[in-house]
Amino acid sequence: MRSGIRKLVLSIHIVVSVGWIGALGAYLALDLTTVRSDDPYLLRSAYAGMDLIVHSVIVPLAIATLLTGMIISLGTRWGLFRYYWVMITLLLTVMATVVLLVETRTIGALAEVAADPSTTRDELAALNSTLVHSVGGLVVLLAVLVLNVYKPRGLTRYGWRKQDQAVRDPI
Amino acid sequence: MSEPVGKRESDGGRRMAQPPGMPGWVKVSGLVVLVVGALLVAIMLLSGGDHGPGLHTGAGDPTRTPLVVGGADAS
Chain F
1 MRSGIRKLVL SIHIVVSVGW IGALGAYLAL DLTTVRSDDP YLLRSAYAGM
51 DLIVHSVIVP LAIATLLTGM IISLGTRWGL FRYYWVMITL LLTVMATVVL
101 LVETRTIGAL AEVAADPSTT RDELAALNST LVHSVGGLVV LLAVLVLNVY
151 KPRGLTRYGW RKQDQAVRDP I
Chain L
1 MSEPVGKRES DGGRRMAQPP GMPGWVKVSG LVVLVVGALL VAIMLLSGGD
51 HGPGLHTGAG DPTRTPLVVG GADAS
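For the record, the sequence lines run as chains F and L. Under our numbering, the first residue of the first sequence is numbered 1, with each subsequent residue one higher. Under our numbering, the first residue of the second sequence is numbered 1, with each subsequent residue one higher.
What the hints contain is simulated information worked out from the structure, not anything from laboratory work. All C-beta atoms, glycine included, are put in the ideal place defined by N, C-alpha and C. Please note that a few of the clues may not be correct.
Below, in silico cross-link-like pairs of lysine-lysine (DSSO-like), each with a Cα-Cα straight-line distance of 27 Å or less [what the hints assert, rightly or not]:
hint, chain 1, residue 1, chain 2, residue 2
1, F, Lys162, F, Lys7
2, L, Lys27, F, Lys162
3, L, Lys27, F, Lys7
4, F, Lys7, F, Lys151
5, F, Lys151, F, Lys162
Between beta-carbon pairs, the in silico distance windows are [claimed, not checked]:
hint, chain 1, residue 1, chain 2, residue 2, range
6, L, Trp25, F, Met70, 20 to 28 Å
7, F, Ser45, L, Val28, 40 to 48 Å
8, F, Arg161, L, Ile43, 35 to 43 Å
9, L, Gly21, F, Ser56, 40 to 48 Å
10, L, Ser29, F, Leu80, 39 to 47 Å
Build the full structure now, drawing on both the sequences and the hints.
See the structure below:
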């Protein structure tokens, strides 16, 4: 991949991946509100906000992070499976994205119940939060961030074979 | 991200005759993830195993479920 294009894709990747973490922070603030408050107006707003943030911001950022990450890996000598840190980062990002997409169903259902004017105060207060998933998601994203910054050593067998091939049969 | 340097980049910069083993940090991380994952699965199974929207709505059904008997507060 040409240097200019690589830097462009890398810039986009940094924006969307760090943006994902930031959006998750905003989502967490609303999620915590659903746990700490029993004010019906606040709860209705919080669930509506969570639904909006997930569908309009977090899901697009997650998909963009996954795609740009894969493009960078495939377009450079890091590859997708040559180094353990890249492979594990990919696995964690795929996992986080899949869980997120499945969880949108739950968040939509919660928002729908909260938005229903006939939902009572007690029913609103009885709606559980998605705190386990949002905190878990944040932990996973921070782990990915740490791996990307530190890039710990470790060549996979596949990576070793590729390098061995390159040395024996240089192009 | 910066690319790996050198034609024959390997752990420690030396040419390796044998394929490298799995690094220690991968083994430790994998073990931690397995343990945490097993704990989460155990908690899910002990809590009834429901992991759909019903788990988060406090009922088996994500739709409205009346909780107050004899006069609901419709605020």
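Against the structure, the hints:
{"no.": "1", "hint": "F/Lys162 / F/Lys7", "result": "holds, 24 Å"}
{"no.": "2", "hint": "L/Lys27 / F/Lys162", "result": "holds, 23 Å"}
{"no.": "3", "hint": "L/Lys27 / F/Lys7", "result": "violated, 33 Å"}
{"no.": "4", "hint": "F/Lys7 / F/Lys151", "result": "holds, 18 Å"}
{"no.": "5", "hint": "F/Lys151 / F/Lys162", "result": "holds, 19 Å"}
{"no.": "6", "hint": "L/Trp25 / F/Met70: 20 to 28 Å", "result": "holds, 23 Å"}
{"no.": "7", "hint": "F/Ser45 / L/Val28: 40 to 48 Å", "result": "holds, 43 Å"}
{"no.": "8", "hint": "F/Arg161 / L/Ile43: 35 to 43 Å", "result": "holds, 41 Å"}
{"no.": "9", "hint": "L/Gly21 / F/Ser56: 40 to 48 Å", "result": "holds, 45 Å"}
{"no.": "10", "hint": "L/Ser29 / F/Leu80: 39 to 47 Å", "result": "violated, 19 Å"}
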